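Asker: Below are the chains, spelled out letter by letter.
Protein chains: 6
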Amino acid sequence: MSSRKSETEITFDSTGAIFMGAKREIKNSEIGIFGVTFDGTTSFRPGTRFGPSEIRNVSYGIESFCPQLNIDLDEISFTDFGNLEIPFGKIQPVVEMVKEATDYIYSLNMKPLLLGGEHSITSGSINAAIKYFPNLIIVQLDAHADLRDEWLGSKYNHACVMRRCLEILPSKKLFQVGIRSGTKKEILEIKQENRLVKQEFGKPAIELDEALKPFKGKPIYLTVDLDWFDPSIMSGTGTPEPGGFLWQDFASIIDVLAEHQVIGADIVELAPQLDPSGVSSILAAKTARSLLILLSKVK
Amino acid sequence: MSSRKSETEITFDSTGAIFMGAKREIKNSEIGIFGVTFDGTTSFRPGTRFGPSEIRNVSYGIESFCPQLNIDLDEISFTDFGNLEIPFGKIQPVVEMVKEATDYIYSLNMKPLLLGGEHSITSGSINAAIKYFPNLIIVQLDAHADLRDEWLGSKYNHACVMRRCLEILPSKKLFQVGIRSGTKKEILEIKQENRLVKQEFGKPAIELDEALKPFKGKPIYLTVDLDWFDPSIMSGTGTPEPGGFLWQDFASIIDVLAEHQVIGADIVELAPQLDPSGVSSILAAKTARSLLILLSKVK
Amino acid sequence: MSSRKSETEITFDSTGAIFMGAKREIKNSEIGIFGVTFDGTTSFRPGTRFGPSEIRNVSYGIESFCPQLNIDLDEISFTDFGNLEIPFGKIQPVVEMVKEATDYIYSLNMKPLLLGGEHSITSGSINAAIKYFPNLIIVQLDAHADLRDEWLGSKYNHACVMRRCLEILPSKKLFQVGIRSGTKKEILEIKQENRLVKQEFGKPAIELDEALKPFKGKPIYLTVDLDWFDPSIMSGTGTPEPGGFLWQDFASIIDVLAEHQVIGADIVELAPQLDPSGVSSILAAKTARSLLILLSKVK
Amino acid sequence: MSSRKSETEITFDSTGAIFMGAKREIKNSEIGIFGVTFDGTTSFRPGTRFGPSEIRNVSYGIESFCPQLNIDLDEISFTDFGNLEIPFGKIQPVVEMVKEATDYIYSLNMKPLLLGGEHSITSGSINAAIKYFPNLIIVQLDAHADLRDEWLGSKYNHACVMRRCLEILPSKKLFQVGIRSGTKKEILEIKQENRLVKQEFGKPAIELDEALKPFKGKPIYLTVDLDWFDPSIMSGTGTPEPGGFLWQDFASIIDVLAEHQVIGADIVELAPQLDPSGVSSILAAKTARSLLILLSKVK
Amino acid sequence: MSSRKSETEITFDSTGAIFMGAKREIKNSEIGIFGVTFDGTTSFRPGTRFGPSEIRNVSYGIESFCPQLNIDLDEISFTDFGNLEIPFGKIQPVVEMVKEATDYIYSLNMKPLLLGGEHSITSGSINAAIKYFPNLIIVQLDAHADLRDEWLGSKYNHACVMRRCLEILPSKKLFQVGIRSGTKKEILEIKQENRLVKQEFGKPAIELDEALKPFKGKPIYLTVDLDWFDPSIMSGTGTPEPGGFLWQDFASIIDVLAEHQVIGADIVELAPQLDPSGVSSILAAKTARSLLILLSKVK
Amino acid sequence: MSSRKSETEITFDSTGAIFMGAKREIKNSEIGIFGVTFDGTTSFRPGTRFGPSEIRNVSYGIESFCPQLNIDLDEISFTDFGNLEIPFGKIQPVVEMVKEATDYIYSLNMKPLLLGGEHSITSGSINAAIKYFPNLIIVQLDAHADLRDEWLGSKYNHACVMRRCLEILPSKKLFQVGIRSGTKKEILEIKQENRLVKQEFGKPAIELDEALKPFKGKPIYLTVDLDWFDPSIMSGTGTPEPGGFLWQDFASIIDVLAEHQVIGADIVELAPQLDPSGVSSILAAKTARSLLILLSKVK
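Chains as they are written, first to last, in the working numbering: chain A, 8 to 306; chain B, 8 to 306; chain C, 8 to 306; chain D, 8 to 306; chain E, 8 to 306; chain F, 8 to 306.
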């Protein structure tokens, strides 16, 4: 049901579906997709474990051609490794395994695209990415600050993930786009640290463009917490927050990032069963299509 | 299962959940929440009876801190009385009981926040409020005019509620924000009477700001029929009407009202079971969070 | 269970519900509604067969008065014929029957409003319309180009419908409004042929107004693929495509078309069971209300 | 939208669907179906108002031939009048209208089959039936005793319906089949009065056969509260009660009643939206098919 | 996305998930699974196209060990080929492709297990099977007779499938277990032809055991229309029919068939989206587990 | 939001609803209910965290009187403490907290009724119970053996819970009723150890009665994994297993246990969101009603 992929204990489950246009084989791929079916620290509404499979399932319902970027997925080469095999009920080992799996992708000279699962997995992939790109910058699309130091008894809770990332990020450069929920302390910090790019409303792409200008050519890791989108189009997530952004805003951000070097990315917090219409999953798949093309542009 | 709260027959059912941050005890509270699980005149799709409990349940899924108003719920003091105990299948007695319950809240020197239930309950709370604030003004956020004199055989149908309110309102001052559905007669009347603030589209907060200017310092009762919001973010309501407003519009209205004296409010017409994603209920809870802070600002 | 309506084999099933305000009898009607419960070529998520009945069911949940056009449905006269009786598992015969049924409506001196069903039915109604209006222009609201020549083994697949329409349209005049998904080849063609009116985002009504100016007085057939709307308000469709349009955009387009001669129309691709909130069906019914008034304006 | 059917105020809404095989016209019919979309006294989970339409909609999903009774619906003649038009939020007037409508059916020399709606409507139809069949016997299939004298402030609550029926029934003969829920007082009474036919479990048809033996040839009114069935096959009802009966048990009861004179019947308490699989509605439609044939056997 | 598997046009889509314990490679397998995502002739409620994938998805939720047959899936060897690639909107070509795919499985010296899709596919697999087993017997578990000669304009409708099978079956031996719905003509025929094994209720395994005794050692093809099960445990099917069978009854039938030579099988008519609890899909997966073991017993 | 209840760190969240008829105060109670919203080791479908609240919510939909045991809940005295406050993403600490909370209940001279949450919590309550009843016997109603030593990387996974219980149970007396799923090794063990009471089908109460005879007067802890019930009436559980038991079987087991001393109990594995009809939750609430009466019989 699974196959060992490296000297470490990392294995991928390849019994499931793969993303539209992906290969199951590794050779000559530019990008490596893998899913992380982890939702162990979610306190409100679980179910992001079903995210990776559903993103793949519905990917066949959209076109492989992206009119915005004018590229078809069949013009690029990418592998879908399946889902990382993880233990249940333990956080830290999972984050460690995510790190190793991401490292494995980079070691194959591929760029990683992670499909979550909950946001807590991001500190794992960041930890691998900084080994290859020490001066990494993080761009975070999210509704929530995720800067708590500890939450519900754990430092690895998804509400703490950006705190963890900041701790290990040499550049300390984190751009938090569209945060609209947090504690008084969190909101204060991101304002004081000039990390915030648009709090609720308005067009965040313009501000992000401005903010990233000094970092042209620097490697960027993009983490997309899908609850950044407005609940009207992304109801399938554990903690939807009214007042979010539309696809149009995301497309503008893609235009900005297309001018930069995105060397790794994740799409997290899809809980597909919460949106029986399937629209949330389709939005996530279209997001993945954009990120695949974005990642393929960096040579 | 319930406890008598006054000399009248009003009792509250306290077997259910309470709103995030609320107390179950009365003393020293600024605001009193109670639910009215009434949906007896709904002709199309019932279920607003489940609204009050669901608003409370999902309230734990959002933060207690409101970045817009920069206040945390733990900075204010409010009691959740539970749901008013009501008979089934009778309208007028329910409206009467709502009046008495609201009166009871005011008599305790608290401001009421009602969680509906259908809109017909508002004429009850208005009737209590004008006893304490005779020169009351009503601001109504709604998709529908609700000005019919009688509907489906009853004067207390939710389609008639603003007609009932107008009859008992000494000031005759009613501002109807965002009405986009009605009979030819209703739409004509609200235009002729200059009651209308933005019919569909655009930014209603600017017009409301203008309209309320002459009434600075006057007591305002705010009734929020949740179908004022666009069905994209509020699908969990009995008669959704395309072409509504987003959270951003509501936030702007809160900004306007924060400059005025809101001395009572209700949130009505949430039918949570119609939106299996739960987004509608979460929007209603976030609306309640804003109103609690608004009500707390009036001393 | 059905009644023969013409010399051909066309019969309508009249055992179901009718649209709000419609008559079951033919005489003196300006408009004829009929449903086509066909979803045989849908490859991703079927269920548009349930569209016609659900549009009728929920029509009773909105007002018969349209504030935008200031007309009430009871001021116009229209017949609901029920659903066309069709065989299962065969495409071409169904398209042929749609043609005959549309022809029958025109022969009664009525204008047709078709309720789909999938988009492939449009080439049938166009084929009938051009017999009566040879210089017909088509306005297509759609997320997808639908210009493939063949798809999944059939020339009558819904992904090919506008190709089929173009083949039989003498004027070759097709305005494709808001297309945001297609193959590289399709998107290139509609740009080269100047058929495109707004690709994603922005306000398409202004461009459409401009594009239609040279055709004042010309007969227009309007085909509304409901996936033109944004998935936030139209999740109940087989292939939702993020980045679509809101009701406000549609209302603006109605304002434009009210200055023209719309002599036939269809509303297709509602798959009501995919949106358990019912909002998609209500949006479709409100769309139908607008189109009925639009069709009634042409004498 | 409706048509006056008698000198009284009774009107039927004929804009909706009709039951499989029914006529919309009255003449030469043996049986008259009508729906009562009333759920005003339901305290737990409303929605039986949607029952009548959904029973009709899904009736087209079963065969018209009944293998058990070896009769096809096309061998009998019955009219579907549509739904009785009723006011919202008032109980007693509705019960009175049900009485008049049932009387109207009998006056046309037809036997009534009512589709509920909640159980409270039965006292209306019984009141009409005893005018034509004074020595009427009632057979009640139900999970609940429904013998409260008053409930939640009303004597017409559905929890009181059999108390109301007993008060007006000259014969005082009521057979309560399969009751498995009630107050201590109710359960005691039905045991003392020898009204009970099987409390939970076992095969109730044998006991019913025995109990009805002394009443051969007497007119029977059959009221089927669908929650009599086990929740495994009838989850679509407001107050499902575990430990109920299967279709096989119902078929045996039909065999028993086929030896008697069933001169009127109702099927109540279907709340179709609670069972998204549709199985409950299909079971209700199959129940209706059996009852139509049963009613047609009495000449 | 697919790979050519034989000289004919048959290709399988291997981008999806595989059944628990299956291999993706062919060599040394005893059994070959493939899915047929066809629901083109379904008139009432479509969606069996989603059956094959969902059976595979939920198969990971049950144990691989079968206590009844005391065998674990890891003791047998079987390949999951994925889904047959088929055109949309055409019946006869699909049936032909099913025939070729089944033939291909047999040509590899494997026994086929088909996952439907609708029942109409069975005449394809039977047509292949009789080439290898001319004296084949068919055992049909089904709620419906499926013996119409033509239905809704097609001879290949799923309501006609057993008629088609009979036409091509040299032995003319068809055992129809548990049929409880049909036309008067169908029910009469299966009784006259002694094909019927238990019509509704009772324990069909005993009768089947008796009926099959004269055919010990003869090759049996087993077609399982999942609507044979009672809707209480199989609500996820297009035309559920109350009065069906439980898992216990199926287990008894497995005990009977374990004494015979089952050389091919299919599981059809799962429409998973109709049962949001997933129980229907899990039942189908457990059925598949039993059939895999049954097929593995024949050497 | 919570209140400290003992010297240890155990706190209960009392912001939620309470079970029908329960008190919020402790004094003079015979039984103490508390919920454990833990589902951290669930590998297939999570959501049992929502079980405790939903059991309470729907408890108001059944009568407080139990006809089988002829007792009304208002004749007994019990407290609902709310839900135990637990950390997310950690198993062993939660099990420890369950132990302490159960101990606290016993220390108040009350008997515990736990509402799960997943089955892994049972080893916590058993660990507390054996302190007070060292010669405890366990009766387990379950579909699964739950005897794995470790699963998915954890000894506290819910698939291991009865192994954990056996390790700490001095009497080693465990009666496993109705197990119908497990590994080959598990099924073998429970047969060899004579622990099994009815494997699938038949009437388990008779065998249980026999098995418990030698233990008259001994303290029994009853753990009810709701997947013991057939999926037809209990679809709302993570790993439903076809071939289970009906309410009637449970009622018979209650009759057996009423002759014994049940001194503690839990109801686990309800995942209410998986059964949108709510029937599973109602069955769980009725189960709780029976257990409350059972526990109250032991003085």
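These are computed hints drawn from the structure, not numbers from a lab. One or more hints might be untrue.
No copy labels: a pair is met if it fits in one copy or bridges any two.
In silico DSS-like cross-links for lysine-lysine, where the CA-CA straight-line distance does not exceed 30 Å [to be verified]:
1) Lys306 <-> Lys30
2) Lys304 <-> Lys223
3) Lys179 <-> Lys198
4) Lys225 <-> Lys306
5) Lys192 <-> Lys304
6) Lys30 <-> Lys191
7) Lys198 <-> Lys210
8) Lys198 <-> Lys30
9) Lys192 <-> Lys306
10) Lys30 <-> Lys210
11) Lys180 <-> Lys30
12) Lys210 <-> Lys106
13) Lys34 <-> Lys205
Quick caveat, the model's predicted, so the values are computed rather than measured.
Asker: Does each hint hold? Answer for all of them.
Answerer: So, going through the hints one by one against the coordinates:
{"no.": "1", "hint": "Lys306 <-> Lys30", "result": "within (19 Å within a copy, 36 Å between copies)"}
{"no.": "2", "hint": "Lys304 <-> Lys223", "result": "within (15 Å within a copy, 47 Å between copies)"}
{"no.": "3", "hint": "Lys179 <-> Lys198", "result": "within (15 Å within a copy, 45 Å between copies)"}
{"no.": "4", "hint": "Lys225 <-> Lys306", "result": "within (13 Å within a copy, 53 Å between copies)"}
{"no.": "5", "hint": "Lys192 <-> Lys304", "result": "between (38 Å within a copy, 22 Å between copies)"}
{"no.": "6", "hint": "Lys30 <-> Lys191", "result": "between (46 Å within a copy, 22 Å between copies)"}
{"no.": "7", "hint": "Lys198 <-> Lys210", "result": "both (18 Å within a copy, 27 Å between copies)"}
{"no.": "8", "hint": "Lys198 <-> Lys30", "result": "neither (43 Å within a copy, 32 Å between copies)"}
{"no.": "9", "hint": "Lys192 <-> Lys306", "result": "between (40 Å within a copy, 27 Å between copies)"}
{"no.": "10", "hint": "Lys30 <-> Lys210", "result": "neither (36 Å within a copy, 39 Å between copies)"}
{"no.": "11", "hint": "Lys180 <-> Lys30", "result": "neither (34 Å within a copy, 42 Å between copies)"}
{"no.": "12", "hint": "Lys210 <-> Lys106", "result": "neither (33 Å within a copy, 45 Å between copies)"}
{"no.": "13", "hint": "Lys34 <-> Lys205", "result": "neither (41 Å within a copy, 41 Å between copies)"}
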